[in-house]
Every structure is written in C-alpha cells, then in structure tokens.
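Listed here are the chains, written in short residue letters.
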Amino acid sequence: MPSHDALALLVLAPLLAACLTVLAPAAWRWLPVVGTLVALPVLLAILTPAVVGGGTLVLALAGHAAPLGIHLRADGLALLMLWLVALSGGAAAVAALRSHPPASPGGGYFWPLWLLLLAGLNALFVSADLFNVYVAIELVSLSAIALIAAGGQADALRAAMRYLLLAMLASLAYLLGVALLYAQHGSLDLYQLAAGVAQAGGGPAATPARAATLTALSLITVALLLKAAVFPLHMWLPQAHAQAPGPVSAVLSALVVKTGVYLLYRLWLWTAAGLDTAAVATLLGGLGAAAVVYGSLAALVQVQIKRVVAYSTVAQLGYLMLVFPLVGDPRAAPGAWMGAGCQLFAHGLAKAGMFLAAAALVHGMGSGRLDRLAGADKSQPISLFAFGLAGVSLMGLPPSGGFLAKWLLLEAAWMQRAWFWMAVLLLGSLLAAAYVYRVLAAAFVTPPAAAPGAAAPAQSSRGRPVPLSMSLPALLLAMASVAMGLWVEPLLEMLAIGPPPSVGPMPALGGRP
Amino acid sequence: MSLLMMSGSGAVYLLAAAGIIGIGVYGLLSADHLLRKLLAMNLLGSGVLLLLVTLASRGGTPDPVSHALVLTGLVVTVSVTAFALALLDRLYRETGEIRIDAASDDPPDPADPADAKP
Amino acid sequence: MTLALDALLALALLALALGAVAGAALFRSIVMFIVFGVVLALAWGRIGAPDLALAEAAIGAGLTGALLLVSYRRLVRTTPRRTPRSRPAARLALPLGLLSAALVLGLGASGFGLEDTTTAGAGTVAVPSTAGQAVLAEMASLPLDNPVTAVLLIFRGYDTLLELTVLLAAYLGARLALGGSPPLSARSAPAALPMVGALLAIVVPLSALVSLHLLHAGSDAPGGAFQGGAVLAAAGVLLVLSGRLRAIGSAPTSQRLLLVLGTLTFLGFALAARLVGAALFTLPGMWAIYLIESALLLSIALTLVLLFAAGGGLAWGRE
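Residue numbers (our numbering), protein chains in the order written: chain W, 1 to 513; chain C, 1 to 118; chain S, 1 to 319.
Extracted from the complex, chain W is given alone in its bound form (with noise of 0.2 Å):
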C-alpha cells in the first residue's frame, strides 16, 4: 500500500472501527482494540520507513491542491505524535477494556467515542489546514469530554463541564484567529501561510494587515495555550485528568493535552517563522518556567495520587514551552528541537504509564488517598513498580528517555549561557523527584497492625491484586519511556526529518526537509 494511503488509513481506520462499533457493539468484542492498533503495523511497515527515507510525505485529498482543498502532512514531528497516539492508546485501550467492557451498557457508547478520540488525534496531528484543525479539535475535545464523564461521578461531570465551557471558549478565539488569517490571506494552508505571515507581519508598524495578522496569532496562540494547559490557563486540567477513569487520563495527558502544544509548534515554528518571534519566544517559556514551577510544587502537596500526577502533567508540559526561546540561537537550535521532541514522546509514554499505574493502584488499594497507599510494595508490585518507573524518566534520570531531553535542552541552554532555563530545567527535575518520591514514600510504609478488635478491617489496607491487563500496559509503557533513552537514533532521525525552518537542516542525522 503506497504510504501516502497509509497516511489516510490512520485516520479512516480508526473511524470506520467506530462506526461498526456503533452498528454492533456487543457482537464484535475485539474491533475496538483493532481499530485502535491497526494503527502500528501500518506505521511501522509503511509510513516510517516512507517518510525516513523520503522525506515530509504531502498528500492532497481529492486531488486539490491547497488553497482549493486538504493537505495530508507527515514529518518527523507528525510521525512521532502518531507513534505516540498509538503506543499509549493502544497501551490505554487494554487497560480499558477490563474497566469498561465493550459488551457493558456503557461500553457500547464507550468504544465508538475511544475510537473517535483516537481519529481525531491522527487527524489533527497530519492535518495541514487550520479549518480542518478546527474540526479535529472538536472532535478531540468532544470525545475527551464525553469519556471523561463516563463514570457519572458529581466530580467527574463538574470537571467535565468545565473542561467543556473553556475548551468551547477556546475553539471559538481559535476560529475567529482562523477567520482574520484567511481573510487577509486567502488560503487555509499552515505552510502556504508562512508567506503572507511573513510579509505582512514583518512590514512596518500599524499597517492593517500586520494588525489583523497579529491578532489573529496571538487568538490562536491564546486557545492554544487553554488547550495545553499552560500556566496561568491550565486551571481546568487537574480535576479533569484526576476525575477521568485510568485510561482515559492517561490518553488524555499524554495525547489530547499535547495538541495544543503541537500546534503552537507548527503555528509559531512554521506559519509565523518569518516574523521576528523574539519577545513572543521569551513571553512562551516564561509561562513554561511558571508552569514548571508551578505544576510540581502543586504536585507536592496534593493528597490524592491521581492529582499528583495531573499536576506532574502541568509541570512537564512547561518544558515544552521552553524550546521557543531555545531555538532562537542557531547553533542551540536543533539540540533543543530534538530535546522539545524527546519530550514530547517521553513524556507521552511515561505519564500514561504513570496514570494507567496509579489507576491499578486506586483499584488495587481501594482509595487513591497517599495515606491510604501504604504496603502496596507488598500487594501491588508491578503497578508500584511502573509508577515508579514512569517517574524516573520525569525526573530525569538517566538512562531514561526523559533524561535524555532534558539533557538536550540543557546543553542548548548552555550553548547560549541562557542560565534561567538552565536553572529551570535542573529545579524541576528537582521538584519532580520530591514528589515521586512522596508517592512511593507513601507506598512503601508498612500499614500499621489493626488493633485487636478494631474496626478497620487490616485486609483491605494491604489491598486486592489488580489484574495483569490494568498493570502489565502501565509496566510496558513505562519500561518504553525508560527505553527510549538507550534506543534513540530512529527517533532522532524521525526529528531529523522536515525540522523548522529556525533549526535549519541537520544533515548529521541524515535529515530532510
């Protein structure tokens, strides 16, 4: 199969597995997880090696170039978001699918949005067209909100409802940003954009188009920045992620929360390359710095696991912001896209990991309360152990994949004698290992003996054994993100492939455009 279908297949898949589900949601109980790991033959087989070895695959639906129709786009930044789609929502969907049976009442509406969901990422993630951004939004969003819900739980559905009137706001600054783009330039297309961007908004101060294109960067880097939960817009993640059921958190901070940072990549890496991006670079890692700072002191003072680990995600998600001031050196540039990259795939891995893990722990320990995790290094081993693991990538340590980006970006903010950033990335690292360790602190505490003739029942602290399907995907992906860190020349080389214009080619790693 030629790769440019292969490039469609991702999305097409995926949707067409959720519309048989919708059909007969009982009878087929194996098409949800097909429909969400078909997605890894074809990439590994046919899409990987095509754009390695051949560069950004360009795929025109229906024949239309832009700006008359959709392009279909894979580079290595794309490439690696799908491979991470597809190792945490297929390591997310098995997780699911002792919670959420597809043959249960609810699992019939579950599995058709799970697939949607994971549509709309791929869609979002190879789409080259803001309008049809705009719709994968939605259905992103959509499908996130609704999974989110899906417990019933009072806490749940506020936090859904939450999630829901911000993510609403966010995709109309977004649309009315869309609006002004193609009325003062007339096509759609993120590349084709560039151009007019840059001419107009590198001409002189006050001219009409120059307003209207500002204005609508800075609407869309607003949304943006609700949806990726940046500092100080990041306020509805918390409850959203820690309120979801395991699986769906752990999609939904490694996967859904990534696609605003990823368009703030291609919006201020691509689109708007051409302007002088300097105070809005500086302005993006600041609230990245906050949100570093920020996120892991929240996270070492919350009692409940899952919020700690949500608040990890805010935290994490600041180093990401980091590589807009980064990039502005060109010898520091590709260091920090590959270190912004790393992140990305590292991250994605380990905190999936890291909430599949503390929901085995939840169902494991019956609460979630830090308190009440004590002697799970006795019953619950694996999920302890892959939480554990998944924080030594956050936290930095080598040989993991989180070490390695980290390192990256650190050696890039050398290059430049930028101390803050420097400063930043080693207090988070810092900050993380304080709250990781807390949580295992908490675990590897010895429950006290019940009194004789207590109430508590002494059962129930040392807690029931998780089954392998809630903890073994949790260990997998965790292992993965450690991993990663020894393995990392294709991902590099995937980096390597279309970087942006500000890191230039890196003809080292065999890059292309």
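I should point out that these hints are in silico values taken from the structure, not numbers from a laboratory. Beta carbons: idealized from backbone N, C-alpha and C, even for Gly. Please note that a few of the clues may not be correct.
[Claimed, not checked] Covered by chain S, per the in silico footprint, the following chain C stretches (three or more residues, Cβ under 8 Å):
#1 22-34
#2 85-97
[Claimed, not checked] Restraint-style ranges between C-beta atoms, simulated for each label pair:
#3 W:Arg29 / C:Glu94: 26 to 36 Å
#4 C:Glu94 / W:Ala27: 46 to 56 Å
#5 S:Leu94 / W:Pro490: 51 to 61 Å
#6 S:Leu99 / W:Thr207: 15 to 25 Å
#7 W:Pro2 / S:Met139: 22 to 32 Å
#8 W:Pro49 / C:Gly96: 55 to 65 Å
#9 S:Leu199 / W:Thr207: 54 to 64 Å
#10 W:Pro49 / S:Trp316: 25 to 35 Å
#11 W:Val58 / S:His216: 44 to 54 Å
#12 W:Ala441 / C:Arg99: 55 to 65 Å
[Stated by the list, open to error] Just a few of them, taken from the derived set where beta-carbon distance is under 8 Å, the chain S residues facing chain C:
#13 Leu14
#14 Gly108
#15 Leu167
#16 Ala279
#17 Thr282
Starting from the known structure of chain W, fit chains C and S onto it as the hints suggest.
For chains C and S alone, kept in the frame of chain W given last:
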C-alpha cells in the same frame, strides 16, 4: 476612511458581527446560570461566523469556501451544544447545581468523607 | 433602500442579542435567542449566503432553540441547591465585552481597507486571490452549480466527513453522559388534542417534501443535505413533542445503521476511489453525490432528533 470604500451593507454587518461578539463575551462572563453561559457561547459563535463570511466576502463576490466553513461551524456548534445540554442535565440530576465557576482556581482537596471515620 | 434594511436587521440582531444575555427571565432569553437566529438567517440572505440562511433557520434557530427550550423545561423543576458565590469575573464582563467588540470592529474596518492603496479608485476593493476564487474558477468543470456544495463534498469533503463524526460523537457523548437512564421527564403535549393531529398531518409530510427538495436542489441551487436533514429533523421534533414518537433506551439495529449511514457512505466512496486508481475522496460523478447527500440527510436528521429526544432510539406510539 477605509470603511467607506466597500459596500455599505458589508460594513453594516461587520458592525453587527463585532457587536454580537462583544455581547457574547459580556454574556459569557456575566452569566451565572449554565444555560445562560451556553446561550452566550452560541451568540459568540454566531458572531464569529458572521465575521468570517463578512470579511471573506468584502470584495463583493460571496466567497463559497467561507460559506462552507460556516456551515460546518454551525453543525459543529449544534453538536457541542447538544452534548453540553446532556452533560448539564446529568450534572443537575446528580448534584442539583446549575451554576459553575469556570474561572476559579482549583478548590483545595476535599476530605473524603469515607476516610473520616477512625 | 437596501442599506436601510440592512441597518435595521443589524440593529435588530444587536437588540436581540442583548435581550438574550441581559434578560432577567431565562425563558425570555431563550426565545430572544431563537428570534435572533431567525433574523440572522435573514442577514445571511442579505450577505449573499442563502445556503447559510437555510441552515441557520433550521439548525441555528430551530433545532438549537428546541434543544435549549426542552433543556430549560427539564431544569426548572426544582430550585438549585447550591447558592452562587461572589464572582469576580462578572465585574470584568462589561469592560471585556466592550473591548472585544472594539477590537473586532477595528480589525474588520482596517481589514476592509486592505487593498485600497492599490486600487485606482475603481469603487471595488481588490482582495488577494483566495481559496474561494480558486473554487469559483473550478466550477465550470464540475457538474454542480452550487459552489458551496462543491466545496463541501468535492474540495473539502474530508472536513465534511469529520464534521459528521463530530455529530455522531455528540450523540454518543450525550448517551454516555446521561448514563443510559432517561432524562428528567419533560411532559409532552397531550397527544390526543384534535388540533395537534391536524397540524401534524399537514406539517410533517410537507417537511419531508421540503427536505427532499432541498436535497435535490442542493446541487444547483441553495440547499443540500444539511439543510434538508435539519428540516426533516424538525418534523421529527414535532412528532416527539406531540407524543407520536418517543425515546427509548437503546436504538434498534436499523436506527443505528441510519446513524452511521452518512459517515459510512462517504467513507466508502472516499476509499473506493483508490480502488479505481483515483485520489482519495474523488467522487465518480453526480450519482455519487446524490447517494452521499441522501445518506447524509438521513443520518443528520436521525441524529438531531435523537439529540433532542435525549434517547438512544426512537419508537412509535404514545407514552
């Protein structure tokens, strides 16, 4: 003044779109009841869509791509609104709340009532 | 004087919008919103977007209004338990609203003057060559006459496919959110009233005819599957309101097939294009367009009615 350069009706609807957007933002922030928030959100959406078409059609000829985009936007808006109403219904049924503060920061971790017993 | 008409419409829009957000009674606000939708439909017509006028009237005003009203009826049963806290955001509302309006106005006004430095006083403003102009240039080679339908199905069909899945996701999400149990009961109109029967006997077949006409006309004139589907859905809403149709917990296979029929048909044609060697999403001819639009109409209509009825499926008969 540039406004006078193009057809008067285009300018009129541009004014209307701007006004609707402003009213929508005002309604969104000042509304307490969730249903009012959804109303304001829909108004805001209509304003943005009106703006999209007005700006794209400023040369005099209607721009079909902008029309198609707005049509898609209308369907997406009604989908999201319908889902929001279903969520609202369930939220109301479970908690009796129809007012939510979307802008406030996280409340401190509530103590789990089940953990309160010794 | 057309300018006076436009000014009047614009003023009406603003007044209705204000009434919708600032009204004290929620019911009144919803009604104002519905009327706003109808006036907006007129405005779309004035701007030269008759397709949008049809869609706004059916979807924006009609169905959204129906959804809001029925939701209002369900919520107003008991008083809410929680008392509202003081809201600092409310104090920002007025200044932010004015600011946004001013910002948009400023941008739009300046945007309109974009090319006026280059035109030699011809009276029309030149705009950069746009996707829309490219579409209009391509129209001659297509069997369609309606450029909007051409964009929706031929040039940007992929967007339309995704939009259908958003609609499907809304239905699935609503079912999941409601947890499978029926919503708070909204008492439907007494089904036995003689006038109701007479009304339905006239309106429902007429709506079906109108929706079919819109479907057929959509290729050459304003109309299309979305507008037709919404009109058919409106007939369905009437049937639900009068008790002729009722919501049931889960949909029978036939209805589930109808729900995904639009998506599957479009998907089928998109993929089948590859089998004959054409690019993905290439449509083989007008017959394909008719088939797809018909399937879309049915899916859209059923999904919208189910969203209104807040049920998994529909069944005939009184409650």
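Hint says 46 to 56 Å; check whether the CB-CB distance for Glu94 (chain C) and Ala27 (chain W) agrees. violated (32 Å)
Leu14 (chain S) as an interface hint toward chain C, with CB separation required under 8 Å: Constraint on Leu14 (chain S) satisfied, holds at 5 Å.
Interface hint status, Gly108 (chain S) versus chain C (Cβ within 8 Å): holds (4 Å)
Whether the CB-CB distance between Leu199 (chain S) and Thr207 (chain W) falls inside 54 to 64 Å: For Thr207 (chain W) against Leu199 (chain S), whose Cβ atoms are near 58 Å apart, the range 54 to 64 Å holds.
Given the hint of 55 to 65 Å, check if Ala441 (chain W) and Arg99 (chain C) actually sit that far apart at their C-beta atoms. violated (40 Å)
8 Å C-beta criterion, at least three residues: is the region 85-97 of chain C covered by chain S: With 11 residues in contact (Cβ-Cβ under 8 Å with chain S), the coverage given for the region 85-97 of chain C holds.
Trp316 (chain S) and Pro49 (chain W) - C-beta distance against the hinted 25 to 35 Å: This hint is violated: roughly 56 Å between Cβ atoms.
May I ask you to test the interface hint for Ala279 (chain S) with respect to chain C, counting a Cβ-Cβ separation under 8 Å as satisfied? violated (20 Å)
Check, residue by residue, whether the region 22-34 of chain C contains three or more positions whose beta-carbon lies closer than 8 Å to a beta-carbon of chain S, and give the verdict. holds (count 12)
Given the range 44 to 54 Å, decide if the beta-carbon distance of Val58 (chain W) to His216 (chain S) lies inside it. Between Val58 (chain W) and His216 (chain S), where Cβ atoms are some 37 Å apart, the hint is violated.
Does 26 to 36 Å hold as the CB distance between Arg29 (chain W) and Glu94 (chain C), or does it fail? For Arg29 (chain W) and Glu94 (chain C) the Cβ distance comes to about 30 Å; the hint holds.
Please test the hint of 15 to 25 Å on the beta carbon pair from Leu99 (chain S) and Thr207 (chain W). holds (22 Å)
In terms of the numbered hints stated before, the structure departs from hints 4, 10, 11, 12, 16, 17, listed from lowest to highest.
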